[in-house]
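Using the hints provided, position chain P relative to the given structure of chain D.
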Amino acid sequence: MTLPMLSGEPRVITAGTEVLGEALDAQAVPRVTVDWRPPLPGTAGDLARVLADPRRAAANARAVDRLTSARPQLAAVRPAHEVLDLPPGAFLHAGPPITWERASGPMRGALIGAMLLEGLAGDEEEAAARLAAGAVRLEPCHRHRTVGPMAGVVSRSMWMFEVRDAEHGGTAYCSLNEGLGKVLRYGAYGPEVIGRLRWMGEVLGPVLRAALELTGPLDLRALIAQALQMGDELHNRNRAATSLLVRELAPAMVEAAPRHAAEVLRFAGGNDHFFLNPGMAACKVSADAARDVPGSTLVVAMARNGTDFGVQVSGLGDRWFTGPAGVPDGLYLGAYGPADANPDIGDSTITETAGLGGFAMAAAPAIVRFVGGDVSDAVAATRSMYEITLAEHPAYQIPGLGFRGTPVGVDVTLVARTGLLPTVNTGIAGRVAGTGQVGAGLVSPPASAFTAALAALAEAVPAG
Amino acid sequence: MVQVRTGTYHDSVSLMRVSQALSGLPGVEAAMVAMATELNRGIAAELGFALPACGPADLLVALRADDGTAAARAAAELDRLLSGLAVRTAGRDAAGHPPRTVRAALREAAGTAGNGGTTANGGTAAGAAGEGDATLVLVSVPGPHAFAEALDAVEAGLPVMIFSDNVPVEQEVLLKRRAEETGALVMGPDCGTAVIGGAGLGFANVLRPGPVGIVAASGTGAQQVACLLDLAGVGVGHILGVGGRDLSAEVGGLSTLRALEAFDADPATELIVLISKPPAPEVARAVREAVEKLATPVVTAFLGPGEDDLTAAAESALRALGAEPPAWPSWPAVSPGEEPSGGEGGPGTGAAAPGEAPEAGIGSSRAAAGRRTLRGIYSGGTLCAEARLVAGTGEFTDYGDDGYTRGRAHPMIDPALRLEALAAVPSGDVVLLDVVLGHGADPDPAARLAPAVAAAVARGVSVVAALVGSEGDPQGLAAQAQALRAAGADVFASNARAARHAARLAGAR
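Residue numbers (the numbering used here), protein chains in the order written: chain D, 1 to 464; chain P, 1001 to 1509.
Please keep in mind that the hints were generated in silico from the structure rather than gathered at the bench.
It is possible that some hints are incorrect.
To spell it out: a stretch of chain P is covered by chain D in this simulated footprint if at least three of its residues, at any positions, have a beta carbon under 8 angstroms from a beta carbon of chain D; those stretches are [stated by the list, open to error]:
(1) 1025-1035
(2) 1046-1060
(3) 1134-1145
(4) 1161-1171
(5) 1191-1202
By construction, the Cβ of each residue, glycine as well, lies at the ideal position given by its N, Cα and C atoms.
Extracted from the complex, chain D is given alone in its bound form (with noise of 0.2 angstroms):
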């Protein structure tokens, strides 16, 4: 064997005591040091068996490989009927489990929403006593290989849209976006949301399905690499990416519907987040692609109920590791303040889970101040991010970091090492079921959802 630093001038990387580094200074010997801090309270121990995991080097490799080298295409626009396993009485939400006790304000309106919106109740509280009552069944849209902004309920009369991953053929799907203020997703089941949806499912998913038969699928993995050097982050700015879909969809509209084309593209074009749904299915389907590598510390979902922020590892199957959800600090609309906050609620963190989001804040310099601070905040919000994250995505990059790759594939044991949790995007919702948005800003994902998921890790490795 030999040892290349045997010849040539030695380059240091110091870790731990400065002492030591200062007398390589003192040598003049060029050193790079480890601003190193102790790992989350608790953790070594776990630390220790899951990097001494033989499998887990490779495993990650191999589960990030999958997720940056996925290539989410706009395939279809359906019904949720069509393509869910979502029986009358059955509905998807967004995040971790929950049940109707638990629900927080937000997720109980949108589901009374979506109660009167299948005709299952008369009124809110038939809605309301209905659901307390256990007669729909509540699941997490993850486990349906679907994503929902919010509170991220889906019935069966929505429509979605379908994404195919046409590198390793997974599918995903996710609502239509319904516009900002009073919407189902904040938990609004007035008469204009009720109303809004019946149009969406009677004339916008038919005319989006029509379009899209005459374009053939759609390469969001290129459109989305567009849109972040356009100055979105595709979380809270979805802007560029909107007028990308918009564009390649319009004239297909035209020919396809002309009679509906005008309001379909009025609507569309007038809704900066309309492209947060298709984005968020392209990232879960990208994620779902590195899910159950065994040995994998990879973060497959991240994903709130507004009571609860859970997690899921590629290498733990579908099992969820939950922490309270916090409440977002941003800014509010109007008179909203903090006390009208909801904890976090959403599916939309699958946006960071796969490199997106407030990963990669860098590169939307527009709206650094809507999630508080300047640019170098933004910047240095991305920066973190390379700490708990395996790789930097080949295609999505970050012009004001020369081109940067944003950080993608946040690994469950940098977390714990660092202490750095995922940066979070997101919109605010109201407390009070039927409120709507409050605001926008940025949330800390609690650090016990992640230490849980690194005790359950630790006890996966196998013996010996």
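Only chain P this time, still in chain D's reference frame:
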């Protein structure tokens, strides 16, 4: 005053320096600045401080002063020292984003090296290391956390020196096995000394470059041999430490075997010196077989009963290179009132032929009749073991042992415990101690040791010092020797000869 500061972390050695500085302020009765680990909380409680709830991630400040003025002055000094530490850490990286793990440091370096366009905002951490990737990782975080940082290096195929102690042996074995797969070399854990391409890591002497490669399971053992070779004019290219447990049955000499191979493949290395405590028998066999297959000659020093001492090993190495061993330097004590003779008192002071006991003249006037207790007060573990073997008598304490270093700096940095021990030696006894120079060690060990030596000599204690250093060491070998001899100690460059001399003074031989 008891304070808990959250969100601040500093390493224990830096904080011990802060504590030491505060304790020395006038009017300060007790001062402790430390991360609030269980151990440190216990120490603070023993000092009589009532602690609020806090954990290992919190910085604990406990201060007791005579009056408000002293307390305020100490608090101001504390803030000044702590902000100095913070600046030092942040100053490494102009962008203010130093990497938080070895893995991140490697990634930053690789990212810059591989992408020339990243300079505007990216890859600033690598700026400090200049062009190109790191060649070596030095880990000295607390032992229970060293595995993760070391594994980052091993998985990247980079050599790693683990200075940390208290690393579980199964983690050591795992790191060393993994290193075999990735082409890395694991030096340590508990590896205090390495020299790579002239750069000293940990406790290391300034050595002239040369043809000798040292593989060492013992830091101070390697320092002794390297310094003697250096004094004889023979240079040492590299010292690869392997950690004190490497040649145990559990570890099986994994790093020793790799280091031997690496030296054999290195065209600049003409002679290998292998230094260790006696290995486990089956490991000794494996090492012997490996040595026989090497093209490069190997001088082995397994310190044990019936084996060569370190000085003899250095002499063997010299002969193997065709050089005649010189008379090893010694510096006899200067009696009180007497002018130091011979000025610099450098090499050659002991004029007699090696092995002839040239120290017979030194201190013989004090070699009074009757037995005296020989007390070894050591900072280097291997030096202590060697001295005990050579002297064959006496009470030896290694203050560098884990039992003495929990919650305080190594005695090569913080002499407090050894000074206490020296002050407690009864009149008439003989003290044998080591003074180790080089990078990482006390910048001027004689400054605090010499007055204590003088006080001991004044009350009738004989003091013998083994001064392990090279002429290039920053402390100045000659200056340290002069200070110690002026205080009344007989000083030797060879620990073995110091031990023989001390034993003679004690009347043991």
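**Message:** Flag every earlier hint the structure violates by its number, smallest first.
**Reply:** Of the numbered hints given earlier, the structure breaks just one, which is hint 1.
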